[in-house]
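There are 2 protein chains.
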Amino acid sequence: MHHQSLEPCLGPLFARHILARNGESSDHALLSTDCLHNSDEFNYGVETWEAYKRGCLSDDLIEEQKKVQEANLLIFQFPLYWFSMPAIMKGWMDRVLVQGFAHEFPNCYDSGLLKNKLALFSFTTGGSKEMYAKGGINGDIRYLLWPMQHGIMHFCGVKVLEPHICFAPEYVSEEKRKEMLLAWAQRLKTLWKEEPINCSPEWYFK
Amino acid sequence: MHHQSLEPCLGPLFARHILARNGESSDHALLSTDCLHNSDEFNYGVETWEAYKRGCLSDDLIEEQKKVQEANLLIFQFPLYWFSMPAIMKGWMDRVLVQGFAHEFPNCYDSGLLKNKLALFSFTTGGSKEMYAKGGINGDIRYLLWPMQHGIMHFCGVKVLEPHICFAPEYVSEEKRKEMLLAWAQRLKTLWKEEPINCSPEWYFK
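Residue numbers (full-length UniProt numbering), protein chains in the order written: chain A, 1 to 206; chain B, 1 to 206.
A partial selection of chain B residues facing chain A, derived with a Cβ cut-off under 7 Å: (1) Ser-84; (2) Ala-87; (3) Leu-144.
Some chain B residues well away from chain A (every beta-carbon gap over 10 Å; in silico): (4) Gln-69; (5) Glu-70; (6) Pro-196.
FYI, nobody ran anything at the bench for these hints, they're computed from the structure.
Every residue gets a Cβ at the ideal spot worked out from N, C-alpha and C, and that includes glycine.
Turn these sequences into a full structure, and let the hints guide you.
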């Protein structure tokens with residue numbers, strides 16, 4: 001199997017991101033061309049699933065999966081970009097949470113393979129709390145949590161704690177920013193006592 | 001200004017993604033260190049805004065912005081990954097739709113800088129239509145369109161046509177897949193006659 005044969009269907013950029021060429025660094029690749037399951041009909045989902053089972057994912061992914069496996073609580077800290085996480089973090093989700101590791105039908109949602117873990121999305125926004133209120137210009141902040149909290153975490157069986165949101169730190173006073181940090185430090189002290197949210201459409205869209 | 005001075009606060013990986021070092025290829029960088037607006041206090045939003053105004057964004061971004069500028073209709077075609085677009089496409093949004101080009105407060109939403117353009121999200125899913133129904137396990141497919149259609153496109157002033165969704169092409173018959181392609185070809189013929197959706201929370205969450 002030669003990696004070149006995949007380029008016409010995947011496009012060279014995409015192929016470079018998914019596949020490490022023999023002898024090349026696999027820094028940004030998902031799996032090595034040495035160990036494709038079916039090189040005649042490339043199926044991204046099947047290939048990552050198979051690669052996971054055979055320990056053929058690239059080293060950085062195996063490393064990240066170990067961290068997830070050992071963790072009881074995953075905290076994702078990021079600046080909100082375009083009503084979502086920045087692409088680099090979405091890439092982590094896309095690459096790390098592969099079938100076999102995080103889910104394997106019918107083991108998804110409440111029986112997802114990462115059940116018994118907790119997650120918390122902690123992020124900063126550009127817009128104010130008023131802009132992210134239900135009648136605000138951006139709509140209720142909960143609307144945009146659905147893909148991240150339900151579509152990713154809940155799908156993998158992970159229970160989700162209330163998000164931690166710092167609204168518009170760039171536009172508030174230094175004093176207010178210090179209060180934000182203190183509030184976060186305070187919350188972390190009793191985080192283990194918190195109950196997960198009720199992950200249902202009602203929580204998000206009521 | 002030396003790029004190294006930014007690495008402690010940004011982290012080396014992040015710095016590498018944002019800044020092209022002098023003399024290095026700017027393939028994956030957002031702007032060049034040659035032309036930072038304020039290198040003492042790096043602010044991502046401000047730097048990209050300033051770089052846009054001074055024509056200092058990296059060449060590939062300027063190229064993409066030209067394509068957007070010339071287009072009347074933007075069609076985003078992708079496989080749905082984790083209730084959203086794949087990271088590589090989210091990266092396009094994060095990098096291309098910078099302040100000054102796509103929005104510039106208060107020019108956002110209906111007065112966004114890309115007003116008079118249309119967009120359409122056309123994507124394939126893994127799950128079936130039933131799984132993405134309102135009472136289905138994944139919830140109404142419209143829930144996950146909010147960040148992409150409202151948070152990105154509408155924010156930039158772009159009006160959005162009904163999404164084009166091919167449910168689970170991987171799991172249907174070859175005949176059904178051909179029907180899907182035909183339906184898309186058919187829709188494209190009269191796309192210009194379509195009215196945009198009413199981009200309000202009611203459309204998404206009713």
